[in-house]
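Engineer: Heads up: the sequence lines are chains A and B, in that order. Numbering-wise, the first sequence is residues 32 to 438 according to the numbering used here. Numbering-wise, the second sequence is residues 35 to 96 according to the numbering used here.
By construction, these hints were calculated from the structure, which means they are not laboratory data. Among the hints, erroneous ones may be present.
Claimed, not checked - Derived SDA-like pairs: lysine to any residue, alpha-carbon spacing no greater than 25 angstroms straight-line:
no. : chain 1 : residue 1 : chain 2 : residue 2
1   : A       : K98       : B       : D40
2   : A       : K83       : A       : W330
3   : A       : K264      : A       : K98
4   : A       : K83       : A       : P316
5   : A       : K83       : B       : G96
6   : A       : K98       : B       : A63
Claimed, not checked - Among chain B residues calculated to face chain A with C-beta under 10 angstroms, some are:
no. : residue
7   : G48
8   : V51
9   : P55
10  : E65
11  : A82
12  : P88
All C-beta atoms in this analysis are idealised placements derived from N, C-alpha and C, irrespective of residue type, glycine included.
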Amino acid sequence: MSTPPARRIVVVGGSLGGLRVTEALLAGGWDGEVVVLSAEPHVPYTRPPLSKAALADGPDLATLAFKQRPEAARAEWRFGSRAVAADLAARTVTLADGGTLAYDGLVAATGVRPRRLPARIDHSAGAGHVVRTIEDCRALHAELRPGARVVVIGAGFIGCEVAATATGLGCHVTVVAVDESPMLVPLGRAVGDAVRARHERAGVAFRLGVSVASVSGTRGAYSVALSDGTSVKGDVLVQCVGSAPCVEWLEGNGLDLTDGVVTDNRLRLGGGTGAVAVGDVARFPNPLFDDVPRRIEHWQTPLETARRAAATLLADLAGTEADPVPFTPLPSFWSDQYDLRLQSFGVPGLADRTEVLEGDLEGQAVVGYFRGEQLVGALLLGLPRRAAAVRKHLLASLTDPAATYAA
Amino acid sequence: MRINVDLALCQNYGQCVFAAPDVFDLDDAGELVYQASAEETARADVEAAAMACPVQAITIEG
Ligand SMILES: Cc1cc2nc3c(=O)[nH]c(=O)nc-3n(C[C@H](O)[C@H](O)[C@H](O)COP(=O)(O)OP(=O)(O)OC[C@H]3O[C@@H](n4cnc5c(N)ncnc54)[C@H](O)[C@@H]3O)c2cc1C
Ligand code: SF4
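My request is simple: use the sequences and hints to build the entire structure.
Structural biologist: Given below as structure tokens:
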């Protein structure tokens, strides 16, 4: 089967999701053009080290850059090029420089950007660091000197990792968060408290259950006023208050853009043909859990969604049936804090109840996350050798609720 | 097809094990063990494993 010449797929976003979908499209037989629009000025690189080893050592693009499959070189990569609008009916993308690009197929791979403290909180212009790009990492690394007082706002994964890395570099770290426990929303109270205890042993101070009222001062002399009337002083300020999907460029197409772009189970934007989404920006239903579309901000998601989205788009553009098998990836995630490795499978955040299935939370443990009777997630605290078995068990019980856990 | 894992890079994340369980495994100590060569039929799985490795420790030759 041959495709008419000069057909074009435009991939918006050139990070992990954009790279893997480009490779999958070209490996999957697409013989038209692929144009990748990447707002960042450099080749795609991996982000997880930006709060871990690369933050400790200083980031190096050559080390962080992804190895690419040879196919990726056949695409036209436009670095520093941002899409500002798309017209899904006319099949065009508008670029920041005013140009437009017609397409046959479109991939949304624009990921997320870090949130900042809301504007209603009085804070000096651009107060403090965020951690998303290699530039962010480099700027923060330069300030993490031994003895520096570091205030981390937010106790999610990235906040906790930054706290651990900064502590390892000899900084004095205070973590401030509205939640009562670190990583409360994704992992729940028991695990959050266990991780908190390890941070405290390493010297991190926590101010939890309080919100930031204002931030004053500048680099070297910040003062963060809290809702309970106290304040925390620091030399370095890091905002790790979550992320916001980059979807503005998709406005005006009648799509549901609340928290990412909603797709069908085959990753088609709004269920229409000719446009798909991958990675952190995609909000898709996963029948392993239910029919609620969700975003999954995990490093493995761009890979899995890219493979499937490419197949869907190629089928739609060829006018053939898309794969009838439902898309049911098992989310998986890891986080390294000190010498502690956390590995998560499934969606623990859906649970109403947790149970320690193996070990104990002070040491090494496997924690099960249940929604009603159904196991929906599992977390390993420092037990990497159990990962394969636990993952297999979770998959089995999601497809057959009668499966029981064997340690 | 020859498979090489740079064990100096490998962090035993196990992502390769999930992608290609016939070729990669974690032993009882949680350390990676793998087959240095695999049949052509395993290529898709091994390529998926190489991509899934967070530290890009896996290379495929031939
Ligand atoms: C500090 C940090 C630590 C992390 N640690 C872990 C971890 O330990 N484990 C784990 O599983 N995951 C981790 N993650 C998450 C993981 O890195 C993400 O899930 C992954 O990067 C998502 O890839 P993506 O391609 O979907 O989106 P992104 O990586 O966000 O890429 C989107 C790209 O699109 C570009 N873009 C945005 N808008 C436009 C536009 N309009 N036009 C053109 N380009 C645009 C952006 O500049 C960006 O380059 C971490 C993330 C961070 C930031
Ligand atoms: S995925 Fe990579 S880091 Fe993890 S065990 Fe396999 S080779 Fe090692």
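Engineer: Hints first: check each against the structure and report whether it holds.
Structural biologist: Status of the hints after comparison with the structure:
1. For a cut-off of 25 angstroms, the pair hint linking A/K98 to B/D40 stands: about 14 angstroms separates their Cα positions.
2. About 14 angstroms separates the Cα atoms of A/K83 and A/W330, which keeps this hinted pair within 25 angstroms; it holds.
3. Of the supplied pair hints, the one linking A/K264 and A/K98 is violated, its CA atoms being roughly 42 angstroms apart against a limit of 25 angstroms.
4. For the hint linking A/K83 to A/P316, the alpha-carbon distance of about 31 angstroms lies beyond 25 angstroms, and the restraint is violated.
5. Between A/K83 and B/G96, the direct Cα distance comes to roughly 34 angstroms. Violation of the 25 angstroms bound is thereby established for this hinted pair.
6. With a CA separation close to 29 angstroms, the supplied pair A/K98 and B/A63 exceeds the 25 angstroms bound.
7. Evaluation of the B/G48 hint against chain A yields a held restraint, the C-beta minimum of about 4 angstroms falling below 10 angstroms.
8. The criterion of a C-beta within 10 angstroms of any C-beta in chain A is met by B/V51, whose closest approach is roughly 5 angstroms, and the hint holds.
9. The interface hint given for B/P55 holds, since its Cβ lies 7 angstroms from the closest Cβ of chain A, which is under the 10 angstroms cut-off.
10. Given the 10 angstroms rule on beta carbons, the hint for B/E65 holds: about 8 angstroms separates it from the nearest Cβ of chain A.
11. A least Cβ separation of about 8 angstroms between B/A82 and chain A falls short of the 10 angstroms threshold, and the interface hint therefore holds.
12. The interface hint given for B/P88 is met, as the beta carbon of that residue sits about 6 angstroms from the closest beta carbon of chain A, less than 10 angstroms.
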